[in-house]
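Participant: Our numbering numbers the first residue of the sequence shown as 1 and each following residue consecutively.
Honestly, the hints are just simulated from the structure, not real lab data.
The structure displayed is predicted, hence computed values, not measured ones.
Accuracy of the hints is not assured; some may be wrong.
Calculated lysine to aspartate or glutamate pairs in the EDC-like style (CA-CA distance at most 16 Å, straight line) [unchecked claim]: (1) Lys93 <-> Glu35; (2) Lys93 <-> Glu61; (3) Lys82 <-> Asp49.
Computed Cβ-Cβ distance ranges for the label pairs, DEER-style [said to hold, decoys possible]: (4) Ala62 <-> Leu19: 36 to 46 Å; (5) Pro30 <-> Ala62: 24 to 34 Å; (6) Asp76 <-> Glu33: 44 to 54 Å; (7) Pro20 <-> Glu73: 57 to 67 Å; (8) Arg95 <-> Leu70: 30 to 40 Å; (9) Pro25 <-> Arg103: 30 to 40 Å; (10) Pro24 <-> Glu86: 27 to 37 Å; (11) Glu54 <-> Leu19: 50 to 60 Å; (12) Glu61 <-> Arg97: 39 to 49 Å; (13) Lys53 <-> Phe100: 16 to 26 Å; (14) Thr50 <-> Pro20: 52 to 62 Å; (15) Phe98 <-> Asn64: 11 to 21 Å; (16) Ala18 <-> Gln39: 55 to 65 Å.
C-beta atoms are modelled at their ideal positions from N, C-alpha and C, and glycine is treated no differently.
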Amino acid sequence: MVVALFMLSGFVARAQTALPLPPPPVIIWPEAEPERWTQEDVTLEQRFDTARKETLAAYQEALNDCQTLLAAERPDCSRQAKDQLELELAQLKARARFGFEPRD
């Protein structure tokens, strides 16, 4: 019995050394965010510029969503998106005129 275990352990040891090791995993590091993404808006003008960019990005997303609709529904959707854009830009201009912070 002891001889059988000894032989078995020798076989396992040889089998372990005979097997090739798997290749090391490939590490894919996320790209660092651009520095401008982490810089906070300091001045009122910078905050309004950011709010304006966000408003225009929301408008573009709304237009992209309109493209997924049926052809008959697209003009109404685009018009609603345009109306919402004009409303939000007018609100931004009014807040800037009176020196208030842009809304989040």
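Participant: Which of the stated hints cannot be reconciled with the structure, identified by number in ascending sequence?
Facilitator: 1, 2, 3, 4, 6, 9, 10, 12, 15
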